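Colleague: Put the two chains together into one complex; each comes in its own frame, and the hints tell you how they fit.
Taken in sequence, the protein lines are chains A and B.
Take 150 as the starting number for the first sequence in this note's numbering and just add one per residue.
Take 9 as the starting number for the second sequence in this note's numbering and just add one per residue.
None of these hints come from the bench; they were simulated from the model.
Mixed in with the good hints, there may be bad ones.
[As the list claims (entries may be wrong)] Part of the chain A face toward chain B, derived, beta carbon under 8 Å:
no. : residue
1   : Lys189
2   : Glu265
3   : Thr267
4   : Ile273
5   : Leu276
6   : Arg279
7   : Pro477
8   : Met481
9   : Glu677
As the structure is a computational prediction, the values presented were derived from the model and not from experiment.
Glycine included, every Cβ here is placed at the ideal spot set by N, Cα and C.
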Amino acid sequence: MSADVTTPFADRTIPVPRTDNRMDRVFDWLGERLNPILVKETRQALKSRQFVLTFGLLLIAAWGWSLIGLVMMEVDGGYSQSGPAMFVGYYCILAAAVGVFVPFGAFRSLASEQEERTYELLSITGLSPRQIVSGKLGSAVVQVAIYTSAIAPCLAFTYMLRGISMPTILFVVVYAVLGALGLSVIGLLVGTLTGEKHWQVLLSVVLIVGLLIVFFIGIGITSNLVFDGDYMFGDDEFWMVMGMLLTAYLTYFALVFYAAVAQITFVSDNRSTRLRVIMLIQHACLIAWFGYIYFTVEVMDEEILYGLVSCMAFHWAVMGALMIGEWPELSMRVKRGLPQSFLGRAVLTWFNPGPGTGYMFACCGLIAACVTTCVMLLIGMASGLGGSTSSTDMEKIFAFSVLAPAYVIAYMGISLIFVRFLRRFTQGTLFVAALIQVLLITAGTAGPFVVESIVDSGGFGGYSLLQITNPFWSSAHIAEGGTMPLEAPVLLTVVPLTALIVFVLNLPGILHEVRHVRIAKPVRVAEEDEQLAAETKPHEPVQISPWDVQ
Amino acid sequence: MDGSHPMIELRQLHRFFGTTRAVNNISFQVERGQVFGYIGPNGAGKTTSMRILATLDLPTAGDAYVDGFSVVNDPDRVRGRLGFMPDYFTTYSNIDVREYLDFFARAYHLRGKQRKQAIDRVMSFTGLDVLAEKPIDGLSKGMKQRLCLGRSLIHDPPVMVLDEPAAGLDPRARIELREMIRTLADQGKAILISSHILTELAEICDTVGIIERGKLIAVGSVDEIQGGLRRDTNLVEVRVLSGVDGLPDWLANRPSVSEIKVDGGLVRFVLAGSETDEADILRAMIHDGFRVVAFGARRRTLEDVFMQVTKGLVQ
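Here chain B stands alone, though its shape is the one from the complex (with noise of 0.2 Å):
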């Protein structure tokens, strides 16, 4: 392995069902410790680009790489350096923790001493090793998430493809998985992941990609995207003692201003320019009458940026 190429690469991937574009057109790549989210809407193309990439689905034109290996024509050599966590948990009947772990690492050609180790490494990590004789189907969601990751890195891939990983889990373990895969990227693997819960994504990714109807919309850090979309706009929020009449109108008026919205007492717009427009706003407010008791520019977090770049489209 020369680490010559990113760990997993995705170049004009095209997947079609009939007349639907569930992937049009996608290119990106993720290097070693990198961890790459994946953000859109339901069905925007997340899960189908993400199983092309796990080897469960054929791409119509393009392909997919993982550690350099295609995802087509190299199968057998991409499965064995991947871990997926699909978006959905099925198991066997009468089968326990520990049990089932043991199956998947049999799965993998792992052996003797090497098996066991791996199995205890795994529930020790993932925090099952109390629970490695309890049967599956008594295991809370949580558990059955933190199982599902464990089996994906039984035989420690270097790259992690993880579908909603947080879907369903409360606030505990949502840090606690956040932890785990930050871990897991300090280690060096590389890791795609989907969630719907974008402050996390916001926490734990380096890179973000944004998609929505089969095509990605944006691509970049997370600064990048947050900051670099629209870098000489922000979003301001203004109190005005006695209502907001007249304000909604007397901002329409100034070309600098757009996105009005009104929530309450509360306005919201964005305003293209540096922070000497927003003292000039402000001063202005003031002179015309409006009884400030509020004014602030915050920035753009992934969520503004994600309702900003899509528009709820689905196909």
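Only chain A is shown next, with the shape it has when bound in the complex (with noise of 0.2 Å):
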């Protein structure tokens, strides 16, 4: 036995041999501060079968994709530009890498965490659910890194070889790496989905063919820029799209980070309120961005306004569906945590979990990007900027902008009433409460047909007040054409009218969630916090000099 059961364990201390070297003290400086997981996932990647693989078929495939370029340079005489082709190779090669392998690699490392259930140990040790999520996608940074510097000699090999720049071979391995984590991040929220394994085989097949999917539309688009898209870099539209991809990037990056989080936060803690501050920035980014684009843009005024409806819709319709499934009771936890001022409660309320105050968040991101429309179409006639804008197109543009949120205010108000039905006797959860809104949506869109098709066997017709439940075909129809459709007054009063009698259906369950105020630490945790204080406060100043102030 070796276990020295007659010294106590906690008395016992071994000497560390100090490290002398100056450059293992910086990498044991910057080892003490990176995240444990990062650490110990590389640790385990460099000792593992699949690293090695993977590695060297990148390294193998590089050098034979380098071979055929060369010999079919020999062919040609070497007097063409082969550079885009071989470039176009080699980003397929590490696309596969960085696109596929990598982000299923960081899928299958949290997934296989719940499945071996070694992510229960690592729950219940210090570490926060940000600290593991931002752990295993460093791992996949990491890796990405280090195969884009494997592959990287190749890419500026390329250059060498004519016909393609170096601002294009920059670009493409910036939105290659960009690209690579966000499909890392988006395999980590659904490696945080479930922990059946049924259910993990089934988002695996997903996810691959997913990956798959975005892996192909990646060599399309490189194809066309690396072949026609230099002239791109000089034109001021290209740079503003680009502009607008990345803050759409950076947000949604931000949102599926943070929804991965959640999804491993321990249930008493509040898994929403960052998420919503998050979409509040992308609501804001939204806005300002088609704001920009609908006042210094001079073509398709109206098209823009209309895109910024859709998008606010959408973005609100598919946040309101998961945020109406949140459970409706604040644990003790989060209740220690809200707002206590009357303007914090006022304001801040819709940021707490719960179904009734997201609902109310959405109903209110909506209505308020329903006014910025009208606002900035309003602005943009009388200053000049936002081109000419006839009198009908002004109203059809303000139908628009009612209509299709009170589609959104109407179809999730009834999925929340469904919801709460439900929880009667089952507890909903949020991918119950989205289905819901789906099916209803659903079923709202393709009724009309159905019924159409029953009663006129003669097929369908031009659009028709029978259509009232589609949301899609309604708003369309108010947008298009040059006049405003006969339907419009029909459509402008009940769908709104339906908006606001399912709003005040769903009051008294938003009133109920209002109702919540805060609660006061336990005693235990007041002690324990005014103990931590009480170590973290300075000391009292010590005179070590002369001229120090007593």
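Modeller: Right, here's the structure in full:
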């Protein structure tokens, strides 16, 4: 027995040899500050066969493609500009590694932790859910960096072969890396969705198919950019679109990242507020970009405003579908952090977890989008920055800005009533709530077609008021054409009125959630907080020189 | 920390899975330096309540506290104070003993020298220091159990929850584990331990709780449990020279005798009464012609109590 049971466990100390090498000390310092999961997974990866195999395959493929390219250049006498073709080949190899293997590896990393129950031990350590997800993401970043570094000399080599510019090479590498990280964070989110093996198998298949689709789309975009895209770099609109895409990328990256964090956060914690803040940032970014385009680009002004309302309606419909699936009761832990002041409660209550506050949050977002669109239109018309919009177009934009959000508010509200009803019998999850909304919208869209096909066997005619439950066709019907459609008065009365009634029906539930107030910390927690605060309080200043003030 | 609260406290804890009441209104406390043995048949609700304590599951009603902090509302504070050893062992591939402990030490925010010392201390305590560079996949079951214990000790928590820590261990390893647990308790750690090996629990536990079908049916010190359930009864074993024919019927006619069992040439029964009653019944046996060659009353073991109070019911 080597356990020394006679020596108290807590009193044993063993001297640790001091490291004298400066570089070692630097790496030690860095290592102390790295995420523990990153350290562990890097150690594991360096010993794993999978990494050696993937890295080896990447190098073999790159060398193979280099040889094929050289042979082909030899065949045509070496006079052609073979840079683009060679680059696309190398890109395919890089994209397969960083766009398929790494994101799938990120998914498996989290999924297998749940499958093999190592996640349970991990979850009860001092690591926060954010540290767990960022550690896994960090591991993906390291892999992307290794694979990209490995193939970088080949990519640089294509520049020597002529036909491709350095900005194009850098641009493609940057978007491949960003794309890989975006896909990795999606992989992590998918990995948190379930711990059940059969669902994980299904999700694996879906993820692989999705990654392959993105892989082929990426190859298509890269080929276009490499063969004909150089001129784009001088185009302002190209950079504006890139700016929009980057904004969308960053905000969705944050949303997906924190959604993955929320998925593995302890149930009694607040898993919603941070996500709602990101949704609001997305909302603001979307309005800012559309506003910028509306006031600076001189074409398609009406389309830009229709686009803004449509994007907002879609954004809040999706986010709202998830928010109404939240649990209505707040844990004691969440209640400890609720806003207390009148202003705080009035403004921040809608960021609290809960289906009612979530519904209200989405409704406010939609109404804000509708008002912003109308204000942008009025400012654009008054200042002349928004181009020349006729009064009919103006009316149609106003009508669309009312109709599209009204549909979302109505469908989301009806879904919420269903979810509340369902919760009397069973525990409705986020997935169930989202499914209910999808089913309702599908029924509202497909139902009129079914009725029409039964009533009129002669086939479908044009738009009629029977389609009033169809949010897509009804909204499009208002927007299309040169004049306001005949059905507009009915649509603009019935749909917003329905939305209002549904909203009023949901008010009791919303009010119930608004009534939550902050509660005091338990005595034990307050005691410890005081103790910790006392420990971190700076000591009394000690006089160490005659100039120090006593 | 004022020490006025128990280190582990379960308050009217309930956990239901559909219609199954895995944990049904369980309450008990474990003080600093105390070892609490949690006994029950398979499916009784031991692991469920331990998982709730370890913040891996949520109670349907009631709450559990570790060092005064609720597992529902302050799981982060509970986790830093609790070492949990589950009844399964899973690990990461391509990782050795030291790296495994290093990972968990980092995960508990131990830094620099403090972390290295914690790893060395745990490896020394669990006897894993000679296997520091060995891949975990190559460890024996006993060594894996030690590693699991080491992992749960790495942040030196004041509370330990050990779910079947001795399962699958050979006798020597069990004795070693028992010594380690006793040492930890002597250092002031509150330990909740479940096991099927009741004789072992009797030796290391200060308090025992017996659980069946989610309900705590007996709780108290080992002495209380062993003697207190039916303090005025004794288990008596009798061996008769020429077979036991007639003895069970003879015993059955006596009102102070119950639970008569025949095992070969041996008759076991429970006698209500004192030592005088034992002497009286022996005299009566001999008087009635039974050729008694052995007669002895023995103290109830934890196993006897367990068998007496539980009905082997599962849900």
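Colleague: Would you mind marking each hint as holding or not holding in the structure?
Modeller: Do the hints match the structure? See the list:
Here the hint on A/Lys189 is kept, as its CB sits about 4 Å from the closest CB of chain B, short of 8 Å. Of the supplied interface hints, the one on A/Glu265 holds, with its beta-carbon coming within about 5 Å of a beta-carbon of chain B, less than 8 Å. Among the interface hints, the one on A/Thr267 holds; its C-beta lies about 5 Å from the nearest C-beta in chain B, closer than the 8 Å criterion. Annotation: interface hint on A/Ile273 holds; nearest CB of chain B at approximately 5 Å, less than 8 Å.
Because the smallest distance between the Cβ of A/Leu276 and any Cβ of chain B comes to about 5 Å, under 8 Å, the interface hint for this residue holds. Given the 8 Å rule on beta carbons, the hint for A/Arg279 is violated: about 12 Å separates it from the nearest Cβ of chain B. Interface hint status for A/Pro477: violated, as the beta-carbon distance to the closest one in chain B is roughly 17 Å, over 8 Å. A distance limit of 8 Å between C-beta atoms decides the matter here; for A/Met481 the minimum to chain B is near 5 Å, and the interface restraint holds.
At its closest, the beta carbon of A/Glu677 sits 7 Å from a beta carbon of chain B; the interface hint therefore holds under the 8 Å criterion.
When the structure is compared with the earlier hints, violations turn up for hints 6 and 7 and for no others.
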